[in-house]
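A.B. asks: Sequence:
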Amino acid sequence: MLEDGMEKLWRNAGLSFGAALIYRFEGFELDPGKFELREHGRAKHLEPQVLSLLILLASNADRLVSKDEIIEKIWGGRIVSEAAVASRIKAARQALGDDGKEQRFIRTVHGKGFRFGAPVLFEQAPGPVRRFAAPAADPSPPAPAVEERPSIAVLPFHLVGGPGALSVVADALADELIGDLSRLRWLLVIARTSTFRFRGQEASCEQVGAALGVRYCLTGTLEEAAGHVTLSVSLARTCDSAVVWADRFTAGRDELHELRGEVLEAVIANLETRIVQNEVERARRMPEAGLDAWSSYHLGLDHMFRFNRSDNARAAGLFAQALARDPNFSRALSGLSFTRFQDCFLQYSDDPEAMAEQARSFAERAVQLDPLDPFAHLNLGRSLWFADAVPESMERLSAAIALSPNYAQAIYSKAWAEMTQCDVGHSDEHAELALRLSPLDPLRYAMLGVRSVSALMRGDHQSALEWGERAAQSPGAHKHIAVIAAIAAEASGNHERAAQWIGRARQLDPQVSRGTFLRSFPFAATSGREMIERALQGTGL
Numbered sequence: 001m002l003e004d005g006m007e008k009l010w011r012n013a014g015l016s017f018g019a020a021l022i023y024r025f026e027g028f029e030l031d032p033g034k035f036e037l038r039e040h041g042r043a044k045h046l047e048p049q050v051l052s053l054l055i056l057l058a059s060n061a062d063r064l065v066s067k068d069e070i071i072e073k074i075w076g077g078r079i080v081s082e083a084a085v086a087s088r089i090k091a092a093r094q095a096l097g098d099d100g101k102e103q104r105f106i107r108t109v110h111g112k113g114f115r116f117g118a119p120v121l122f123e124q125a126p127g128p129v130r131r132f133a134a135p136a137a138d139p140s141p142p143a144p145a146v147e148e149r150p151s152i153a154v155l156p157f158h159l160v161g162g163p164g165a166l167s168v169v170a171d172a173l174a175d176e177l178i179g180d181l182s183r184l185r186w187l188l189v190i191a192r193t194s195t196f197r198f199r200g201q202e203a204s205c206e207q208v209g210a211a212l213g214v215r216y217c218l219t220g221t222l223e224e225a226a227g228h229v230t231l232s233v234s235l236a237r238t239c240d241s242a243v244v245w246a247d248r249f250t251a252g253r254d255e256l257h258e259l260r261g262e263v264l265e266a267v268i269a270n271l272e273t274r275i276v277q278n279e280v281e282r283a284r285r286m287p288e289a290g291l292d293a294w295s296s297y298h299l300g301l302d303h304m305f306r307f308n309r310s311d312n313a314r315a316a317g318l319f320a321q322a323l324a325r326d327p328n329f330s331r332a333l334s335g336l337s338f339t340r341f342q343d344c345f346l347q348y349s350d351d352p353e354a355m356a357e358q359a360r361s362f363a364e365r366a367v368q369l370d371p372l373d374p375f376a377h378l379n380l381g382r383s384l385w386f387a388d389a390v391p392e393s394m395e396r397l398s399a400a401i402a403l404s405p406n407y408a409q410a411i412y413s414k415a416w417a418e419m420t421q422c423d424v425g426h427s428d429e430h431a432e433l434a435l436r437l438s439p440l441d442p443l444r445y446a447m448l449g450v451r452s453v454s455a456l457m458r459g460d461h462q463s464a465l466e467w468g469e470r471a472a473q474s475p476g477a478h479k480h481i482a483v484i485a486a487i488a489a490e491a492s493g494n495h496e497r498a499a500q501w502i503g504r505a506r507q508l509d510p511q512v513s514r515g516t517f518l519r520s521f522p523f524a525a526t527s528g529r530e531m532i533e534r535a536l537q538g539t540g541l
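Every letter in the sequence shown is one number past the one before it in the numbering used here, and letter 232, counting from 1, is 232.
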């Protein structure tokens, strides 16, 4: 089923499904699929890091690759010495019969990074050969190219009043943020070795962006007064220094540990929403033909979260477009899984079983491509809901949370799964946490809906009605959320309100029924399910 869906996507994009790329230049063939370099057809033995470096440079022959990107991609962002990078560059040149003086294949752009200097042909068998000529040498090299994926530099926090006892705390906070943010697979985080070079400098966000090739810059100030410590944090765009998000945190001098946790949690949660929304706005300003893989993906997210038939189809097309540009783009596959999930959950398709199978297949492929991406595990976990495997889905959702502990949508999804199993203590706790982590989340209405059903199963009908109506009145709420509000109203004895919410559900989908609701919410056979079914029957749905 995955192959059928993927083949259609590739064919629509004019590409050959499953074809591998081979990079050719001056008698050499670089084959990432077989992970080998061949010279006139004969394989050359290279250390894995050297071969990975060659693949990185050749596959990006149309742009400069910064040293920080090399460290991120080849060493996984670990701290390495300049000598280690130079050693791998030297070995890569030697493998091609090149050297640091001639620089026929690998050119050094001093203070910036490296650029592949030979024209590269890449072949997508059995498709056509396409040519990307390496740019001619420039006597004044430009700043590093900003790569497609959103990128950020966390600068060392400024200590108001000069060096003192809090200097270590200021550095530790920035360092921890770099480490925690690097776990976000959708975000490129510049290594500490580069960002901490700006310590004590009055560099603007534009200057940081030009020097490091990033789109966003996170800065902070730490100040102590009257026994209290105040930390101000600001996220800005490097293109114009416009502030995307800012906040202030205050704690007692002896509460620094709690302050640290609060700051880390808030920064990660806000970056998930603020940067993504900013990337959506950026993509909207681009002509569609000029969208890169990441821009197509972010624009797809915007449509996906609107939860209606036409926007869901539009999102699927944008994710397919992203995959046409990058066939191994795990996040785009996860996005496709989400759209197929929505097709099944909201009955957009006449064949919900096929949509459920595709949701699972796309998510499984995404996890294979990037087993460390929490979004992939989230979608695989959700897809299992339609396979009568809700308990098994929690393992995947727990994996997503383990990879990104403040991932609000994964925490909410686990709350949803717990709710269907009538584990109302945990479901309400996790839904509350998700709302705290992401108060402006596009799935806020769903988080509120979980709190409503959890309260109902506890027998707290008044709270269930309050949460349910808040959920149904939230932007983006779909038909099932209106049904939840109706169930809560009916259970509380407010039949008139229940009828109003059923009317709202029918406005959103005239075909809504008890059967469609219960297929989308596979409640376990417990007293909680019996309560839901009685209330549903009472609404007349």
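No lab work stands behind these hints, which were simulated from the structure alone. Misleading hints may appear alongside valid ones.
To be verified - For lysine-lysine, the following PhoX-like pairs were computed, each having C-alpha atoms within a straight-line distance of at most 25 Å:
| id | residue 1 | residue 2 |
| --- | --- | --- |
| 1 | Lys-112 | Lys-34 |
| 2 | Lys-73 | Lys-44 |
| 3 | Lys-44 | Lys-112 |
| 4 | Lys-34 | Lys-44 |
| 5 | Lys-112 | Lys-90 |
| 6 | Lys-101 | Lys-112 |
| 7 | Lys-101 | Lys-90 |
| 8 | Lys-73 | Lys-34 |
| 9 | Lys-73 | Lys-90 |
| 10 | Lys-112 | Lys-73 |
| 11 | Lys-90 | Lys-44 |
Given the structure is predicted, the values throughout are model-derived calculations rather than measurements.
A.B. asks: Keeping to a limit of 25 Å between CA atoms, is the pair of Lys-101 and Lys-112 held or broken?
C.D. replies: This hinted pair holds, its Cα atoms lying about 18 Å apart.
A.B. asks: Taking 25 Å as the top limit, are the C-alpha atoms of Lys-90 and Lys-44 close enough?
C.D. replies: Holds. Lys-90 to Lys-44 sits at ~16 Å (cutoff 25 Å).
A.B. asks: Taking 25 Å as the top limit, are the C-alpha atoms of Lys-73 and Lys-34 close enough?
C.D. replies: holds (19 Å)
A.B. asks: Do the alpha carbons of Lys-112 and Lys-34 lie within 25 Å of each other, as the hint requires?
C.D. replies: violated (31 Å)
A.B. asks: Take a quick look at whether Lys-101 and Lys-90 sit within 25 Å of each other, Cα to Cα.
C.D. replies: Given that 25 Å is the threshold and the Cα spacing comes to 11 Å, the pair holds.
A.B. asks: For a C-alpha distance cap of 25 Å, please report whether Lys-112 and Lys-73 respect it.
C.D. replies: At roughly 16 Å apart (the allowed maximum being 25 Å), Lys-73 and Lys-112 satisfy the hint.
A.B. asks: Does the structure keep Lys-34 and Lys-44 at a Cα separation of 25 Å or less?
C.D. replies: Given pair Lys-34, Lys-44 holds - Cα atoms ~12 Å apart, limit 25 Å.
A.B. asks: For the pair supplied as a hint, Lys-112 and Lys-90, is the alpha-carbon distance within the 25 Å limit?
C.D. replies: holds (17 Å)
A.B. asks: Take a quick look at whether Lys-73 and Lys-44 sit within 25 Å of each other, Cα to Cα.
C.D. replies: Holds, at roughly 22 Å.
A.B. asks: Would the pair Lys-44 and Lys-112 pass a check requiring their Cα atoms to be no farther apart than 25 Å?
C.D. replies: Violated: Lys-44 and Lys-112 sit about 29 Å apart, past 25 Å.
A.B. asks: Under the criterion that the straight-line Cα-Cα distance not exceed 25 Å, is the pair Lys-73, Lys-90 satisfied?
C.D. replies: holds (18 Å)
Hints 1 and 3 from the list above are not met by this structure, while the remaining hints are.
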